[in-house]
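Chains as they are written, first to last, in our numbering: chain A, 67 to 342; chain B, 4 to 273; chain C, 40 to 387.
It cannot be assumed that every hint is accurate.
[Stated by the list, open to error] Simulated crosslink set (EDC-like; lysine to aspartate or glutamate; CA at most 16 angstroms straight-line):
{"id": "1", "chain 1": "C", "residue 1": "Lys338", "chain 2": "C", "residue 2": "Asp294"}
{"id": "2", "chain 1": "C", "residue 1": "Lys232", "chain 2": "C", "residue 2": "Glu249"}
{"id": "3", "chain 1": "B", "residue 1": "Lys33", "chain 2": "C", "residue 2": "Glu149"}
{"id": "4", "chain 1": "C", "residue 1": "Lys162", "chain 2": "C", "residue 2": "Glu149"}
{"id": "5", "chain 1": "C", "residue 1": "Lys166", "chain 2": "C", "residue 2": "Glu206"}
{"id": "6", "chain 1": "A", "residue 1": "Lys250", "chain 2": "A", "residue 2": "Glu177"}
{"id": "7", "chain 1": "C", "residue 1": "Lys162", "chain 2": "B", "residue 2": "Asp272"}
{"id": "8", "chain 1": "C", "residue 1": "Lys166", "chain 2": "B", "residue 2": "Asp272"}
{"id": "9", "chain 1": "C", "residue 1": "Lys108", "chain 2": "B", "residue 2": "Glu26"}
{"id": "10", "chain 1": "B", "residue 1": "Lys269", "chain 2": "B", "residue 2": "Asp110"}
{"id": "11", "chain 1": "C", "residue 1": "Lys123", "chain 2": "B", "residue 2": "Asp272"}
{"id": "12", "chain 1": "C", "residue 1": "Lys108", "chain 2": "C", "residue 2": "Asp124"}
{"id": "13", "chain 1": "C", "residue 1": "Lys276", "chain 2": "C", "residue 2": "Asp252"}
{"id": "14", "chain 1": "C", "residue 1": "Lys338", "chain 2": "C", "residue 2": "Glu292"}
{"id": "15", "chain 1": "A", "residue 1": "Lys250", "chain 2": "A", "residue 2": "Asp170"}
{"id": "16", "chain 1": "C", "residue 1": "Lys108", "chain 2": "B", "residue 2": "Asp110"}
{"id": "17", "chain 1": "B", "residue 1": "Lys269", "chain 2": "C", "residue 2": "Asp126"}
{"id": "18", "chain 1": "C", "residue 1": "Lys166", "chain 2": "C", "residue 2": "Asp138"}
[Claimed, not checked] Stretch-level coverage of chain A by chain B, calculated; a stretch enters the list once three of its residues show a Cβ under 8 angstroms from a Cβ in chain B:
{"id": "19", "stretch": "219-230"}
{"id": "20", "stretch": "274-280"}
These aren't lab readings, by the way, just hints derived from the structure by calculation. Don't be surprised by glycine CBs; every beta carbon is placed ideally from N, CA and C.
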Amino acid sequence: MSVSIADPKMMASSSSARSLLRHTFVLTRRSVVGRLRQPAVLAPAFIFPLFFAALGSASFNKLASDPYFTANIATSFMNYAVAGAVLQGVLFGSTSAAGDLATDIEQGFFERLLASPISRTAIVLGRLAASMVVAVVQVVIFMAIFVVAGARIESGPIGFIGLIGGGALLALAMSAMMAGLAIKSGSPEVVQGAFPLVFVLMFLSSAFFPRHYMKGWYRTVADWNPLSHIVEGMQGFMNHELSASQFAKSWLIPFVLAVIGIAFALRALNNRLAAS
Amino acid sequence: MSNTITEQTVNIRTISDGARPFEVVAILVKRSMMRVRRMPSAFIPSLVMPVFQLIAFSGAFGFAVTSLGIKNALDWYVPLNAMQGASFGALGVSFGLINDMQTGFFDRILMAPTPRWVTVVSSLAAAVVRCVVPITFVVIVGYIGGMNTPGGFMAIVCVAIASIAIAVVAAGFALGLTFRMRNLGAATLTQFAIFFTIFLSTSQVPLSAMSGWLRGVARINPMTNILRFARQGFLGDVTWEQSWGGIIAMAVLLILTFIYAMTGIKKFDQ
Amino acid sequence: MQELVEYNLVTQAPIIATGLSRSFGTGDNAIKAVDGVDLEVHQGEIFGFLGPNGAGKSTTVRMLTTLLKPSAGTAFVAGYDVVKDADKVRRSIGVALQDAAIDPLMTGRELLTLQAVLYGLSKVAGKNRGEELLERVGLTAAADRRVGTYSGGMRRRLDLALSLVHEPTVLFLDEPTTGLDPMSRLTLWEEVKRLNAGGTTVLLTTQYLEEADQLADRIAIIDHGHIVRQGAPRELKALVGSPTLSISVASSETDEARSILARFGDLRPTSEGTLGVGLARGAEDVAAVIRALDEAGLKVRHLELDEPSLDDVFAEATGYRLEGADAANKPTESEAAPEEKKSRRGRK
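All chains should be modelled from the sequences, with the hints used to inform the complete structure.
As structure tokens, this is what we get:
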């Protein structure tokens, strides 16, 4: 990566790549433990997606009698709702993690980290990797709950891995963008302010209801919304035979977004360092 | 030191005869409005959120509703989001109260010779005034979107009554909780309570379209009755048959939350 | 009972508290913020309520102003029981609480109007009274500005004006000058004196000795929830009696110096790094003290002789100095002559 901002002292003692890896690992672990220690903060990212999925399944199951739905979308509304819940959970989780980062910056804890002989890139990557770990845990728990409730993964074990990978990559993309926002603004309010926007984007996608049934401008927005395609890739794993397009949608799109997001976050970090 | 009675006369002249309750209510409501005007940033979300939800619900779930025979998804969602917007707008009084507790301004009101019910009623009245704007906003957006009102003017009256009632219930519950908790957690908890109460009713689809557990919960949820009352004029004529359940539910909730708020301020006084 | 109340109305002092106590929390964790406070404030006086942060001043004031119910004891304000007749007490008192509780989004004039309505003044009476008070505290020009733009001194003056809207007979001022610059403080003192000259009884809490000394006819010192002294400042100073000699020596010689000083009178707490003794025979002992120290081979680095001040009264009563003292840097028991402290507590 061209934005090498590892601390010179550390670079002198070992090869920079290895120290970056080691620091990232240590910071990831710290961050994961930190997140898991605050169940109250994580709880909404579990409760709301599951609640909406349950609500949708109980409200919209009549849709399963629509021939188009059963032929092209899902076998039941719950099987349809799984991917939306995963998407929602991962997005909520990543946003609240970025809120933590902004709080750290505001309270000066971040400055202290920066002053320590730890690679600056590792500080950011550690957070992002932690988000991925939390997302994997989250997806596995969600899937377990849904399977117990009667959902079926039509594409089999590889599809299960596809869902986990999709969730992790989406967490990476979202965390990177939100971390960039947090570093750029240094204000938890701004990150929290972005939260409703995430919500809006989800509603304007196939996350809660199939795009096929939307009309007018609403449909147009949903068609262009990348979240629609990501979640439809995940819905593919749940409801159809395994296919490459499912990976293309649910892995490739988040991956591209993640690259953009990481570049944005590191740039924001460099600017913050240059300013201080 | 002893409590001996000294040879002094205390001047007991006072020009205060105690406050006139309705004037106090009026000026406290005026103050609440003034705070909204002078700090609009705190009020805007309660305007934007219901309108966004109206658009999102009818845009995303429109098919689910219209396939059940409802002409326009807005007919189904305008009453819901007017009520939701009203209740979230009413929460502003809880934020205001917490702010007053933190600045000590609330002590000023407690030290004044006004009965405690005046304080509670002022907050509830402020909630009513606050919720008028989001209700109007939602109805106007619905009108622009082409909603139907076969019930005529009474359709709007029913929505307004239901929304104001829910706003007062939300405010009363929030006040009771704020007096007990004395922090922002009270407003957050009330938000959750409103959220779940509304969603666990006929918020998205009618009872007949629901399956399993949700149907059981929505059937006993008083919000279902209130929603039926609010929606009737948008789906057909306003009739007594569709009204009485909602009226009873509103009355019971209003009484209970008022008692909760009053016992809350009494507790606070200890 | 009815007769007694009537009798109280015309003959009792405007503030009487007996055994007033308040604890927070329950069971073993209960903290006694105020513990058996007896107070009597006379008609027409300025009464200073002195103590460090957390001593129980504000809690006492909150009980006297009906904001907090006492756990035990009774209090009569303006002749009325603060619990049973809270509403009548509220009509008779004016209160300016700590940190000037005012809404920064409102203007001074709006706040005065609100206050007038809260106290049941008619529209015309409220308006006239508001203008008069604005004039009086020098805020007429700023009356239509939002309070958020006011300086600390202006806020306090507005707070004072608000507390006077209904012409109270008893005025409570809770730390009215904390955080103010010296000029603003003087302005406020002048206003309090003027009010008092007009017949208003004033109870003011403060952590500034000078404020109590300047303003108060009588004072009470509160420490750890107990009243440890009560009386006119002059009388209290006379009780301390002898002047205080404070010296500083090298820290290795402190113990020896202390034992020498003890021969000339009671040891007294002083500021950190110095030793203090109340000279039993007054200033004439100074030479003898220096001589004794010199004979012992101790070198005096600094020496000061002070006539008794309120600070000495405070130190003698509590075992530590108020000026600059917070709960955080109160001296420990060993430094503050524990046996004396105990006996004083008992005397209360």
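For each hint, the structure was consulted:
Taking the CA atoms of lysine 338 of chain C and aspartate 294 of chain C, the gap is near 13 angstroms; set against the 16 angstroms cutoff, the hint holds. Proximity of lysine 232 of chain C to glutamate 249 of chain C is assessed by CA-CA distance (about 15 angstroms); at most 16 angstroms being required, the pair is judged to hold. With a CA separation close to 11 angstroms, the supplied pair lysine 33 of chain B and glutamate 149 of chain C stays within the 16 angstroms bound. A hinted pair counts as satisfied when its Cα atoms are at most 16 angstroms apart, and lysine 162 of chain C with glutamate 149 of chain C qualifies at roughly 13 angstroms.
Of the supplied pair hints, the one linking lysine 166 of chain C and glutamate 206 of chain C holds, its CA atoms being roughly 14 angstroms apart against a limit of 16 angstroms. Using a Cα cut-off of 16 angstroms, the hinted pair lysine 250 of chain A and glutamate 177 of chain A holds, with the two alpha carbons roughly 14 angstroms apart. With a C-alpha separation of about 29 angstroms, the suggested pair lysine 162 of chain C and aspartate 272 of chain B falls outside the 16 angstroms cut-off, and the hint is violated. At most 16 angstroms may separate the alpha-carbon atoms for a hinted pair to count; lysine 166 of chain C and aspartate 272 of chain B exceed this at roughly 31 angstroms.
Restraint check: the Cα-Cα separation between lysine 108 of chain C and glutamate 26 of chain B comes to about 28 angstroms, which exceeds 16 angstroms; the hinted pair is violated. Restraint check for lysine 269 of chain B and aspartate 110 of chain B: the C-alpha separation of about 14 angstroms stays at or below 16 angstroms, so the hint holds. Restraint check: the Cα-Cα separation between lysine 123 of chain C and aspartate 272 of chain B comes to about 13 angstroms, which is no more than 16 angstroms; the hinted pair holds. A threshold of 16 angstroms between alpha carbons decides the hint, and for lysine 108 of chain C with aspartate 124 of chain C the separation of about 12 angstroms falls inside it, so the pair holds.
With a CA separation close to 11 angstroms, the supplied pair lysine 276 of chain C and aspartate 252 of chain C stays within the 16 angstroms bound. With a CA separation close to 9 angstroms, the supplied pair lysine 338 of chain C and glutamate 292 of chain C stays within the 16 angstroms bound. About 13 angstroms separates the Cα atoms of lysine 250 of chain A and aspartate 170 of chain A, which keeps this hinted pair within 16 angstroms; it holds. At most 16 angstroms may separate the alpha-carbon atoms for a hinted pair to count; lysine 108 of chain C and aspartate 110 of chain B meet this at roughly 14 angstroms.
Simply put, lysine 269 of chain B and aspartate 126 of chain C have alpha-carbon atoms about 15 angstroms apart, close enough for the 16 angstroms limit, and the pair holds. For the suggested pair lysine 166 of chain C and aspartate 138 of chain C, the alpha carbons sit about 26 angstroms apart, so the restraint of at most 16 angstroms is broken. Counting residues of the stretch 219-230 of chain A whose CB falls under 8 angstroms from any CB of chain B gives 0; the rule of at least 3 is not met. Requiring three or more residues with a Cβ within less than 8 angstroms of a Cβ of chain B, the coverage given for the stretch 274-280 of chain A holds, as 4 such residues are present.
The structure is inconsistent with the numbered hints 7, 8, 9, 18 and 19, although it conforms to all the rest.
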